[in-house]
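There are 2 protein chains.
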Amino acid sequence: MRKTATLADIAASVGVTPMTVSRVVNESGYVHADTRQKVLRVMQEMNYRRNGLARGLKRQRTETIGLVVGDVANPFAAEVIRGVREVLTARGYTMFVCVSDQSVKEEAEAFESLADHRVDGMIVATRASRKGNAHLMTLLDANLPVVALGRDFNHPHTDFVSADHFKGGCDATEHLIELGHRRIGFIGIKQSYGAGLKRFQGYLETLRKHGIKVNEDIIVGRRKGTDQAPGYSTEEIGYEGMKYLLGLRKPPSAVFARNDFTALGAISAIKQIGRRVPQDVAIVGFDDVPLASHTSPPLTTVFQPTHEQGRIAAEFLLRRIEAVQNLPRAERVLPCKLIIRESTVSGTEST
Amino acid sequence: MRKTATLADIAASVGVTPMTVSRVVNESGYVHADTRQKVLRVMQEMNYRRNGLARGLKRQRTETIGLVVGDVANPFAAEVIRGVREVLTARGYTMFVCVSDQSVKEEAEAFESLADHRVDGMIVATRASRKGNAHLMTLLDANLPVVALGRDFNHPHTDFVSADHFKGGCDATEHLIELGHRRIGFIGIKQSYGAGLKRFQGYLETLRKHGIKVNEDIIVGRRKGTDQAPGYSTEEIGYEGMKYLLGLRKPPSAVFARNDFTALGAISAIKQIGRRVPQDVAIVGFDDVPLASHTSPPLTTVFQPTHEQGRIAAEFLLRRIEAVQNLPRAERVLPCKLIIRESTVSGTEST
DNA sequence: CTGTTAGCGCTTTCAT
DNA sequence: ATGAAAGCGCTAACAG
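These protein sequence lines map, in sequence, to chains V and Z.
The opening residue of the first sequence carries number 1 in our numbering; numbering runs sequentially from there.
The opening residue of the second sequence carries number 1 in our numbering; numbering runs sequentially from there.
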């Protein structure tokens, strides 16, 4: 079973050589109009499908690229995928997405699979890790073009695209301080794990800058550290985290949440015990997911240009793939933007 | 540039034939321990990566499968992906995800790419369409194993997995009727487009069953029909749709939203004008996204076993791939479950 | 335990 | 405008 017609089959049936059929398939070189017609007809009849394996093997490129993401359930990943895809399909490339489920092991397997199947390049948008980076390094030895998106990876022959999460974190915190808050909590990561989380570092840095002592008691991550590398922070974490903060003797008057979902969970927790946002607790999120402007109260958050990051990553990658020489590293850090809504500044309406 | 070591390179360097190196790489056949060590060392040194194209070409299978989804921004897709992946990786297969962005054209390109690159099978979880189905048919002629997930596709050599959306839609509507509602709106699709949307058909059917006349005025889709095949319905559509319904002379007393995001948007709209859920308008969603239990009020919705659908689809596919004969069609429709929360029945708390 | 042969399906290069 | 030859990198099948 599973017998697919090959160029040779078509050729035999038409009475030409495989080379002629190849010319028809690829629309390259001269083929007599009559021959072409005959070939096309037989191709149709035999339901010909070209063999990308053989083709790629011979041509030494597949016109495919791999995109590795840690997770797919959040708007960030979805928008990155769309951005990358737009650019790639326009240029005739096919994108294969691999999902690592935030596991370093699965991430490594994705790298290997993609490399084995000879994608022409790879965009890596997983969370950075020591082991993951080491793996990437070995692939680079094989001269595979790679672009890192929204994650650290330093290599002279790798491009880098990200939003300025650090600055975004600063702006969000600055905003709360300007509103008079001094006791500002953070939900989404424990301090000991936060070294790689730029937006959290921005929070810490801004507090310090204003002479506000960092208070570990009001920095909360997920309850139990079940997995080593915390993935995307959820509304559940926001809800639980806020519950905890509200139970303290002196709860914070404002909270910066790691992302919008976490922020929404926090708002739920606040409203559930009959407190008000922002009067009792002000909340800032991060990402500006579509939902953020439709919640009550609408969420103050930091917008990051996700789609654009995807597009630029794809462009960087194609440039690198199509380059004759090994290109020097390109870096691009896009600005974030604080969007002030009613979860920090009470406006016309508030629940 | 981009010169990767081949089996032949390793073999030459060690002083054996490529076949011996192949045996080491694949851990097949006998190789002397010393030889193996030497080969392994050189492989490491030369950073060997096997060529999946050559391998697949020779072996006539790639141990990869393709998963085509329309969209990736919603929890449904994310969970399907996780379910499929779990089963596949456990069995040594690699999964490549292609995203069609709800476009029939992109979907067709995904099919072709995957078929060209000789995936061993395909799981199709896009929205069904006439053209899309026709395309799938041609692939089946090439004997490519295919499983349809959550979308119609009738073919004797294709498996089918879905949740019982129709029954779910009935249950949701029944619930509202039991609560005394007679004027029940629907947000998420216009009646003229709803033929393929089972949960909507369940709504219509249940109204009829109870002798409630279907009222087109309170069935709303997206404002302007920009795209022919409406994709995933968003909170924005819910918000706008509800705004419209609230502006009617006689607004519905209950609304069944196409999915949870739409439902949440609707709730926002209701609260924004100072009305209450469920006292003024009761809302039911569909899907039971994680957020649903954390909203205020918590959302009554219909749970569908998404993860399980992914797992079963993957199992069906592997069975088909590894079968010697062409298997008959397998079908599996999983039950949904109505989850009653406070957006239909006022409990202890309500905003 | 290792090697030889052949060929998977395609395209590059050179001929005609 | 078409064909012949060779080989991309790998492995199945059969020696030895």
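Keep in mind that the hints were calculated from the coordinates and are not lab data.
Just so you know, even glycine gets a beta-carbon here, dropped at the ideal spot from N, CA and C.
Among the hints, a few may not be true.
What the hints assert, rightly or not - If you want the footprint, here are the derived chain Z segments under chain V, 3+ residues with CB under 8 Å:
1. 154 to 168
2. 287 to 299
Unchecked claim - Capping the alpha-carbon separation at 30 Å, the derived lysine-lysine pairs in DSS-like fashion look like this:
3. 105/Z - 271/V
4. 243/Z - 209/Z
5. 105/Z - 131/V
6. 105/Z - 58/V
7. 3/Z - 105/V
8. 3/Z - 58/V
9. 198/V - 243/V
10. 3/Z - 38/Z
11. 243/V - 271/Z
12. 38/V - 105/V
13. 105/V - 243/Z
14. 190/V - 213/V
15. 3/V - 337/Z
16. 58/Z - 271/V
17. 213/Z - 190/Z
18. 3/V - 58/Z
19. 209/Z - 131/V
20. 271/V - 213/Z
Which numbered conditions among the earlier hints are violated in the structure presented, ordered from lowest to highest? Going through the list in order, the structure violates hints 1, 3, 5, 12, 13, 15, 16, 19 and 20 and respects the others.
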